[in-house]
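Trainee: Which chain is which? The protein sequence lines are H and E, in order.
Just so we're aligned, residue 381 is where the first sequence starts under the working numbering, counting upward by one.
Just so we're aligned, residue 381 is where the second sequence starts under the working numbering, counting upward by one.
Only true hints are included.
With a straight-line Cα cutoff of 16 Å, these simulated EDC-like cross-link-like pairs (lysine to aspartate or glutamate) come out: (1) LYS548(E) x GLU579(E); (2) LYS447(H) x GLU436(E); (3) LYS447(E) x GLU436(H); (4) LYS447(E) x ASP434(H); (5) LYS447(H) x ASP434(E); (6) LYS776(H) x GLU735(H).
The set of hints was computed from the structure by calculation and includes no laboratory data.
There are 2 protein chains.
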Amino acid sequence: MYDKRISSGETITFVFARRIQHAPASFLGELFRVSSDPSIISFAGGLPSSELIDTEGISSAAQDVFKTDPRTALQYSTTDGYRPLREYIADRYRSRLGVPATADEIQITNGSQQCLDLFAKIFLDPGDLVGMERPGYLGAIEAFSLYEPEFLTVPLNHEGPDTVVFEKTMKEKPVKFFYGIPNCQNPSGCTYSQERRKEIAEILSDTETVFYEDDAFGELFFDGTPRLPIKRFLMENTVISGSFSKITAPGMRIGWMYASFEILKEFNIAKQAADLHSNFLCQQILHRYLVTNDLDSHIRKIVSVYRRQCQLMCDLFDDLMPSLTHTTPEGGMFLTAELPSGLHAMKVFEEGVREKVAVLPGMPFFVDGGGTNIIRLNFSNANEERITEGMYRLAKVINGLSSKKS
Amino acid sequence: MYDKRISSGETITFVFARRIQHAPASFLGELFRVSSDPSIISFAGGLPSSELIDTEGISSAAQDVFKTDPRTALQYSTTDGYRPLREYIADRYRSRLGVPATADEIQITNGSQQCLDLFAKIFLDPGDLVGMERPGYLGAIEAFSLYEPEFLTVPLNHEGPDTVVFEKTMKEKPVKFFYGIPNCQNPSGCTYSQERRKEIAEILSDTETVFYEDDAFGELFFDGTPRLPIKRFLMENTVISGSFSKITAPGMRIGWMYASFEILKEFNIAKQAADLHSNFLCQQILHRYLVTNDLDSHIRKIVSVYRRQCQLMCDLFDDLMPSLTHTTPEGGMFLTAELPSGLHAMKVFEEGVREKVAVLPGMPFFVDGGGTNIIRLNFSNANEERITEGMYRLAKVINGLSSKKS
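Go ahead and model the full structure; you've got the sequences and the hints to work with.
Mentor: If you want it as structure tokens, here you go:
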């Protein structure tokens with residue numbers, strides 16, 4: 381049926397770009413595979429609670445869109461995104477955080493992951509310096525790595541990045557941008573103190589370095605109180621990325637970049653070249669949902685569940701695995717635990733999967749080979765019953781491995 | 381309210397990546413703006429007919445998805461895409477084109493524009509050679525340019541790329557990949573002959589060059605007969621990108637890359653870093669729509685309308701503007717016309733907008749400053765009444781400018 385000469389099945393060697401060799405071995409794919417096995421209780425993923433997605437509200441919003449003007453919603457649209465949605469986002473910055481955002485400063489993206497890719501694309505030449513927290517978000521490391529930068533990391537403690545190291549790094553090796561998650565960081569769950577935010581703004585105020593403030597979790601503080609973004613103290617040199625994945629639904633893939641017009645102009649060119657525009661149907665459904673539902677009340681519901689689940693996980697760590705030290709998040713979806721000396725995170729992952737509980741080894745959050753004594757746990761996706769059962773399984777793994785070791 | 385020192389409004393100079401200087405001045409944004417002014421009859425855009433989008437079918441599919449398993453549709457998903465949709469696409473390659481595709485060789489993307497970005501990302505280092513048709517698709521030029529390649533172009537005639545030039549180029553300066561649109565090319569509307577496809581496959585068969593076959597329009601042949609893809613003659617060295625934008629709805633932004641596993645493995649890493657995965661809700665809605673509706677019958681309806689509209693546009697060119705020569709497409713959504721000598725396409729664009737008719741100047745389809753005597757017209761979006769009115773307006777512009785010139 382096919383031309384024999386050509387379909388001979390011989391292996392062809394493709395010559396890929398150099399950047400592909402810079403891609404870190406990815407854990408995310410493996411994660412999603414583990415997450416999809418229902419017999420495994422997974423704390424390894426980064427999923428919000430499926431039970432808390434307002435499927436009825438979104439379904440009803442979708443029906444409204446299909447009734448109102450489906451031909452527009454299903455047609456091509458502009459790169460910057462659905463204007464009423466951008467206005468909603470800008471309004472919320474003004475009312476919630478006192479930051480004078482306008483719709484013109486908002487670009488809609490496919491979740492905030494796309495912000496990482498496009499921002500790196502417009503800023504990074506090979507060999508350029510990028511600053512990050514240590515540990516830092518693995519999705520950012522993956523996205524940035526493909527633009528072949530050199531990473532400089534600053535240790536993260538419970539108040540934020542170490543300012544002594546931060547200031548020294550910025551002076552000696554000024555980075556193009558510093559990427560951080562000041563609110564409920566991924567993986568650690570740590571939140572920068574307000575004092576630390578001001579110090580960072582101060583250090584960067586006379587430089588060309590941009591602070592890239594990833595705010596995926598700022599709506600998820602357990603005390604319901606928003607923290608002032610670094611942009612509040614360093615207006616022009618800070619960009620903020622945001623996402624509806626954690627407060628409405630990830631499957632629609634809607635996030636945004638909030639940046640000054642000068643940056644957004646280039647960002648928009650990159651967005652257009654990348655995929656013309658984000659899913660317009662879902663932009664309309666999401667906007668319809670937001671204006672016909674009480675988002676704040678929905679978020680309070682999410683937060684009250686996550687707070688209990690986080691507390692439960694922390695308590696079970698303390699009760700069942702006293703040899704570990706763990707972070708104590710003020711919000712968000714993640715915490716990290718430090719393993720007893722000599723216990724390798726990969727061993728815990730492998731043994732965990734055998735015992736039907738998954739945690740994420742810390743290595744993908746480190747660009748320098750660190751993280752082998754760290755595990756990240758997600759407390760948003762599993763309910764209290766599964767958290768309890770999963771933590772008992774994990775305790776069996778940890779305590780078993782610890783006793784073997786000693 | 382804000383710290384004075386920091387919010388002083390002084391202009392900060394951002395240091396963007398070198399690639400941003402390689403971005404061609406974009407016409408697409410301007411296009412969409414022109415397209416949104418209802419008083420202008422626009423042949424400049426690339427929109428399928430809004431009237432032919434099956435809003436009822438898609439709405440009903442959406443309701444089904446919301447009734448069946450909305451929590452999964454609204455949650456994060458895997459990077460490769462919704463497997464039943466990938467199986468549907470692979471099935472269609474097998475039944476329609478006799479190409480032995482499997483779901484494992486299909487990666488879902490945000491329209492086929494994202495294929496351009498991600499493919500360039502995994503293949504191109506700065507200075508690498510890329511082959512393209514002349515004229516070539518502007519969206520591809522925009523996407524590839526950001527990876528700083530050197531473009532080599534091969535003149536496109538009505539049978540396909542000039543094979544003498546093609547062979548000479550491939551021998552003297554082997555490109556990483558050659559990008560082409562064999563079916564109803566954008567902008568010209570030209571279709572490669574089967575003979576030309578075989579010749580190209582022959583020339584590339586012993587090389588490392590990949591043929592990137594953009595097949596956005598292969599379902600839109602006026603005679604309803606599919607043409608054999610180049611992949612049929614050059615299996616392992618060809619990738620095909622496809623899109624649902626032209627046969628169902630662009631607003632959902634669903635396309636795909638069909639490639640060998642070796643390429644798709646790297647493509648998948650780039651996709652994950654770019655945005656984790658494509659909109660999962662719309663992948664499910666689209667799949668539901670495809671399995672509960674008769675796509676072939678829907679496509680026949682689209683094609684019969686586009687065929688009439690294209691014929692009308694060609695006839696009006698011949699009747700009203702005999703000084704122009706235009707291509708005669710066998711399908712798709714576009715044709716190009718060559719302006720009388722001395723008449724600049726930008727002049728026609730500007731004068732056209734004044735007369736409330738928009739055409740697209742040819743320059744963005746050329747990487748070498750060409751195209752000033754070419755205009756591209758879209759015949760899918762405007763109905764026959766508007767095509768007639770628009771062509772009369774265009775004739776007034778063209779004939780007015782021609783007489784002024786002489």
